[in-house]
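Whenever a hint applies, use it, and build me the whole structure from the sequences.
Single-letter residue listing:
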Amino acid sequence: MSWIPFKNNNPKKQIISKTVERDFEREYEKLQKLEDQTKKLHKDMKKSTEADTAMSKAAVKISSDLLSNPLCEQDPQFLKSMTALDTAMRRMDAFNQEKVNQIQKTVIEPLKKFSSVFPSLNMAVKRREQTLQDYKRLQSKVEKYEEKEKTGPTMVKLHQAREELRPVREDFEAKNKQLLEEMPKFYHSRIDYFQPSFEALIRAQVAYFTEMHKIFGELTEQIDQPGLTDEQRERDNEARLSELKALSIVADD
Amino acid sequence: MEPIYCTVLPGSPDELGVPPEADKTKHKQSLAIEELLSTERGYLNMIQLCAVDIRNRLKQKQLPDFDLEGLFANIDDVIDVSSKLLYQLELMDTENPQYLQALSDTFLSMRSELENTYKEYCASYSNILILEARYREREELDKAIQETITSTAPHTNATNLSFFLVMPVQRIARYQLLLQTILKNTEPSHPAYRSLQATVDSTVALNSNINEYKRLKEVADKYNKPENLTLMDKIYRINTHSIAKKTARLSQMLKHEAGFLPKTEDKEFDALEEYFLALERGVADLQDNVSTFVKHFEEFLSRRPHECELDIETEVAFRNYKELSAILHKHIYPKYMHRLKSLVLQPLCSLQELFACPQNMIRKRLHKLLDFEKIEEKRRETGSITYEEQEAANTYQAINTLLLTEMPKFNGMATQLLIRAMETFIFIQRDFAADVNHIASGYLQHLPHNKLPDYTFWSWAEGMFLKEAKSLQQISQTFEAELNPHFILPLTPSSQRRLSELTKRYKSEQIYQASSDIKGGRDMDLSLSRGELVAVIQEMDTKGDKRRWLVEAGGNRGYVPASRINPYHPTGQTASPSPAIVDEASKRHSVVVVSPAIESPVLPSLQVQEDYEVFAAYDFSARSIHEVSLRAGELVTVLEHHDRQGNPQWTLVEVQGQKGYVPSNYLMVVPVPGISASSRKT
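For the protein sequence lines, the chains are A and B, in the order given.
Residue numbers for the first sequence follow my numbering, so the first one is 1 and each next one is one higher.
Residue numbers for the second sequence follow my numbering, so the first one is 1 and each next one is one higher.
Fair warning: there could be bad hints in the mix.
Cross-link-like lysine-lysine pairs, in silico, DSS-like; alpha carbons within 25 Å at most [said to hold, decoys possible]:
hint : chain 1 : residue 1 : chain 2 : residue 2
1    : A       : K214      : B       : K451
2    : A       : K105      : B       : K467
3    : B       : K222      : A       : K245
4    : A       : K245      : B       : K341
5    : A       : K112      : A       : K47
6    : A       : K141      : A       : K18
7    : A       : K57       : A       : K214
8    : A       : K33       : B       : K470
9    : A       : K150      : A       : K136
10   : A       : K105      : B       : K322
11   : B       : K295      : A       : K47
12   : B       : K330      : A       : K40
13   : A       : K47       : B       : K322
14   : B       : K295      : A       : K40
15   : A       : K61       : B       : K335
16   : A       : K113      : B       : K322
17   : A       : K46       : B       : K295
18   : B       : K467      : A       : K112
19   : A       : K46       : A       : K113
20   : A       : K30       : B       : K322
21   : A       : K46       : B       : K330
22   : B       : K246      : B       : K378
23   : A       : K61       : B       : K295
24   : B       : K470      : A       : K113
25   : A       : K57       : B       : K335
26   : A       : K245      : B       : K217
27   : B       : K470      : A       : K185
28   : B       : K322      : B       : K451
29   : A       : K46       : B       : K470
30   : A       : K185      : B       : K467
31   : B       : K267      : B       : K409
32   : A       : K61       : A       : K47
33   : A       : K105      : B       : K470
34   : A       : K185      : A       : K40
35   : A       : K112      : B       : K322
36   : A       : K40       : B       : K470
37   : B       : K295      : A       : K57
38   : A       : K30       : A       : K113
39   : B       : K119      : A       : K245
I should point out that these hints are in silico values taken from the structure, not numbers from a laboratory.
Small disclaimer: the values here were computed from a predicted structure and weren't measured.
Now the structure itself:
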């Protein structure tokens with residue numbers, strides 16, 4: 001069939017080489033995993049900061065409930081201590097809010113934005129796949145006509161088929177090329193993209209805990225108990241509880 | 001000569017050795033002192049034998065269900081006190097004139113120790129008896145006990161433990177008698193007399209206190225346990241007596257509320273109760289809040305964002321973050337949690353539990369108070385009350401006294417614990433912050449931008465992300481770009497008809513082709529099949545949406561998405577080279593006006609030297625005298641590439657001997673190299 005203008009040496013049904021296909025698959029799989037992991041990270045960070053905020057609010061409740069207790073009216077020293085504690089808790093809550101805001105802006109939102117690229121990517125891959133299917137279909141059609149007897153109608157149909165095939169093939173090749181170029185680029189972009197996030201996380205924590213150390217350190221100086229070890233504290237508590245239990249009005253089981 | 005009688009002179013002993021009156025007293029006194037000491041020694045020996053030997057033997061036997069601690073109570077403390085007492089008493093020689101003073105001093109100085117130790121023991125004694133009776137009923141225990149006693153203390157002829165265990169109860173009461181005897185035999189003029197008197201009084205008081213304590217404890221045990229009665233129990237409890245009791249209380253309470261009776265106000269008690277309730281509230285709230293706090297921390301701990309696998313292990317910021325978080329999760333956070341739970345939460349829980357019983361007692365006191373008021377009323381009115389009523393009144397007094405005595409202690413100690421818990425919390429927070437900071441600062445040093453001050457860093461970070469957002473958007477757009485070239489789908493015969501219809505009424509620029517199946521969703525939407533031809537009437541809908549175009553398709557008008565239709569330019573879009581059938585044309589016709597202007601843009605840029613054959617691609621029915629019909633697959637001969645007006649959309653052909661015009665795009669050119677003109681059909 002030497003009059004066929006374009007050489008078609010591909011074996012039947014073999015549109016793209018196995019290596020090319022495998023490369024594509026591999027790149028896409030990497031991106032799919034990246035998609036899962038960024039989604040997971042986004043969720044974890046969100047839940048983590050939510051729990052963090054809840055903790056801080058619970059801490060404020062600790063001190064504010066005590067401050068509103070009638071005991072404060074009875075004992076001025078108690079009132080003074082609880083006021084100091086309440087102030088400290090509220091300050092810490094403000095710092096926590098700031099920390100959460102920073103994380104929101106530099107970690108959670110960027111993660112979301114990064115994830116939002118994936119639907120477009122997945123769509124593009126799907127469209128490539130569809131085009132590939134069209135391509136394969138039209139390719140077999142051409143091959144079918146090529147194998148038939150060279151009659152007038154057949155020739156026309158063959159020509160027609162080839163005309164139909166050509167744009168589809170070009171479309172697929174364009175899509176394939178674009179994805180093969182863009183996918184690795186996108187995958188690689190994650191490194192630089194996320195670097196500021198992780199720096200931000202460490203920095204935010206250091207800033208917060210520095211404040212916490214300062215604020216609670218100040219409070220401990222107002223307590224005139226010397227620093228006790230944990231065992232001493234435990235024994236102290238036990239002793240006091242035993243004393244209480246020794247009272248007749250407290251039942252001894 | 002030996003005197004037969006001798007005059008008895010005061011102060012001088014006679015030969016018979018009988019001391020005079022004063023000496024008799026002195027002698028009795030000495031005897032009494034001696035008795036005190038010797039009995040103490042004997043007593044101490046006995047209880048030591050019991051507490052040490054007997055108890056150890058019993059312990060070794062490892063008897064089942066045997067409450068050794070309950071049985072022996074605080075006998076060890078009793079032994080300590082007794083030993084100390086004996087030691088003090090034996091320090092000085094009893095003949096020493098200072099002895100009595102020393103004795104008094106000893107007793108007085110040890111008064112509180114004696115009282116505290118013995119009161120506990122005596123109060124526990126009834127429990128000891130109960131336990132012993134219970135164990136005696138069990139044959140194997142009884143045998144074991146007997147055996148132990150007989151083997152350790154055969155000289156006592158004792159057959160049960162209470163023989164020994166009752167001794168402290170007896171002993172504490174005995175001191176009083178012994179000391180009284182000594183006092184009786186002491187001259188009031190003796191320098192130590194007053195001290196001795198005080199000692200005796202003290203001992204009397206001591207015993208009275210011990211008895212009172214015992215009674216209060218019994219009352220407390222009866223009333224302070226919250227009663228966990230089942231419904232059935234409660235029903236059985238109802239009898240005329242209890243109903244009468246409760247009715248009386250209720251009426252008393254109502255009288256209070258209505259103002260008929262003044263409530264017995266006890267400001268002292270009320271203050272204590274108020275404090276108690278506030279404290280109880282405080283402890284309950286604190287325990288609750290700390291518990292919530294810990295729960296949220298546990299939730300925080302369960303999230304492990306640092307374990308994500310973004311395949312950026314080489315990136316320095318991520319690596320540091322991951323390591324830091326791993327350490328925090330593995331060591332620092334659990335330590336913090338453990339300290340919170342064991343040093344703050346746990347004690348608070350234990351403390352909270354202790355409030356139940358006093359609260360119950362307070363409630364019972366109120367009930368008993370109501371009874372008491374009625375009784376007092378009766379007493380005032382009638383002058384006499386029954387024995388039971390007296391008992392009830394006593395009970396109220398007992399509970400009231402107990403509460404008044406112990407509530408201040410309770411309140412004080414519980415407050416202390418509460419404050420301690422908060423202080424500990426503060427220390428734990430500080431330590432936690434120190435721990436985290438210590439580690440995190442280390443990792444901060446490794447970060448690229450660690451030198452930046454905070455404000456600058458955050459500005460930089462936020463700026464970075466805004467920039468990155470833009471490039472991400474670009475990437476998205478790249479992926480979204482429609483890479484469909486506007487390629488033509490070949491026409492089906494129905495499409496051919498559609499085309500000719502549409503071209504009659506619309507310009508060729510308005511003709512579009514659907515690139516895929518379109519399913520109309522909304523009102524006024526059209527559904528098209530892939531390849532179908534439409535004419536675009538308007539490039540937006542009535543609301544101005546440019547993505548929805550108004551089109552006509554086969555007499556129907558409606559909206560379709562603009563992205564799914566492509567302009568249909570059959571000429572010039574297909575790659576198929578249009579024929580440069582110059583030779584043939586010039587061969588056949590002289591009337592060929594082949595000028596570059598008219599030569600349609602269809603002429604291919606590639607001037608292939610090969611020959612072409614032209615076939616009809618589709619059927620075509622001639623509708624006028626100037627047109628000629630075609631059958632798909634027919635070989636035709638092109639005479640002219642345009643019609644009389646020069647319109648390239650019509651081609652003059654000859655087919656089957658007929659000449660006429662056919663639509664240009666109904667023709668298909670197939671390169672056929674090597675076929676000579678002569679073999680071509682005409």
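Now for the hints, and whether the structure bears them out:
1. Straight-line distance between C-alpha atoms of K214(A) and K451(B) comes to about 22 Å, which keeps the hinted pair within the 25 Å bound.
2. Distance check on the hinted pair: K105(A) and K467(B) sit about 13 Å apart at the alpha-carbon level, within 25 Å; holds.
3. Between the alpha carbons of K222(B) and K245(A) the distance comes to roughly 16 Å, so the proposed pair stays at or under 25 Å and holds.
4. Simply put, K245(A) and K341(B) have alpha-carbon atoms about 21 Å apart, close enough for the 25 Å limit, and the pair holds.
5. For a cut-off of 25 Å, the pair hint linking K112(A) to K47(A) stands: about 14 Å separates their Cα positions.
6. For the hint linking K141(A) to K18(A), the alpha-carbon distance of about 22 Å falls within 25 Å, and the restraint holds.
7. Between K57(A) and K214(A), the direct Cα distance comes to roughly 19 Å. Compliance with the 25 Å bound is thereby established for this hinted pair.
8. The hinted pair formed by K33(A) and K470(B) meets the criterion: a straight-line CA distance of about 23 Å does not exceed 25 Å.
9. For the proposed pair K150(A) and K136(A), the alpha carbon gap of about 23 Å is at most 25 Å, so the pair holds.
10. Among the hinted pairs, K105(A) with K322(B) is consistent with the structure: their alpha-carbon atoms are about 20 Å apart, no more than 25 Å.
11. A C-alpha spacing of about 14 Å is found between K295(B) and K47(A), which places the hinted pair at or below 25 Å, so the restraint holds.
12. A hinted pair counts as satisfied when its Cα atoms are at most 25 Å apart, and K330(B) with K40(A) qualifies at roughly 21 Å.
13. Note on K47(A) and K322(B): the hinted pairing holds, with a Cα-Cα distance of about 18 Å set against a maximum of 25 Å.
14. A C-alpha spacing of about 23 Å is found between K295(B) and K40(A), which places the hinted pair at or below 25 Å, so the restraint holds.
15. At roughly 23 Å between alpha-carbon atoms, K61(A) and K335(B) fall within 25 Å of each other, so this suggested pair holds.
16. For the hint linking K113(A) to K322(B), the alpha-carbon distance of about 22 Å falls within 25 Å, and the restraint holds.
17. Of the supplied pair hints, the one linking K46(A) and K295(B) holds, its CA atoms being roughly 17 Å apart against a limit of 25 Å.
18. Of the supplied pair hints, the one linking K467(B) and K112(A) holds, its CA atoms being roughly 15 Å apart against a limit of 25 Å.
19. Distance check on the hinted pair: K46(A) and K113(A) sit about 14 Å apart at the alpha-carbon level, within 25 Å; holds.
20. At roughly 21 Å between alpha-carbon atoms, K30(A) and K322(B) fall within 25 Å of each other, so this suggested pair holds.
21. Restraint check for K46(A) and K330(B): satisfied, since their Cα atoms lie roughly 21 Å apart, inside the 25 Å limit.
22. With a CA separation close to 17 Å, the supplied pair K246(B) and K378(B) stays within the 25 Å bound.
23. Taking the CA atoms of K61(A) and K295(B), the gap is about 14 Å. The hint holds against a cut of 25 Å.
24. Distance hint between K470(B) and K113(A) is fulfilled; the C-alpha atoms sit about 10 Å from each other, no more than 25 Å.
25. For a cut-off of 25 Å, the pair hint linking K57(A) to K335(B) stands: about 22 Å separates their Cα positions.
26. Proposed proximity of K245(A) and K217(B) is supported: the alpha carbons are some 13 Å apart, at most 25 Å.
27. With a C-alpha separation of about 15 Å, the suggested pairing of K470(B) with K185(A) holds against the 25 Å cut-off.
28. Straight-line distance between C-alpha atoms of K322(B) and K451(B) comes to about 21 Å, which keeps the hinted pair within the 25 Å bound.
29. For the proposed pair K46(A) and K470(B), the alpha carbon gap of about 23 Å is at most 25 Å, so the pair holds.
30. Taking the CA atoms of K185(A) and K467(B), the gap is about 17 Å. The hint holds against a cut of 25 Å.
31. A hinted pair counts as satisfied when its Cα atoms are at most 25 Å apart, and K267(B) with K409(B) qualifies at roughly 17 Å.
32. For a cut-off of 25 Å, the pair hint linking K61(A) to K47(A) stands: about 21 Å separates their Cα positions.
33. For the hint pairing K105(A) with K470(B), the CA-to-CA distance comes to about 15 Å; that is within 25 Å, so the pair holds.
34. Annotation: proposed proximity of K185(A) to K40(A) holds, straight-line Cα distance about 22 Å (limit 25 Å).
35. Pair hint K112(A) plus K322(B) holds up; C-alpha atoms about 20 Å apart against a cutoff of 25 Å.
36. With a CA separation close to 23 Å, the supplied pair K40(A) and K470(B) stays within the 25 Å bound.
37. Among the hinted pairs, K295(B) with K57(A) is consistent with the structure: their alpha-carbon atoms are about 12 Å apart, no more than 25 Å.
38. Distance hint between K30(A) and K113(A) is fulfilled; the C-alpha atoms sit about 19 Å from each other, no more than 25 Å.
39. A distance of roughly 17 Å separates the Cα atoms of K119(B) and K245(A); the hinted pair therefore holds under the 25 Å criterion.
Hint check: no violations occur; every hint is consistent with the structure.
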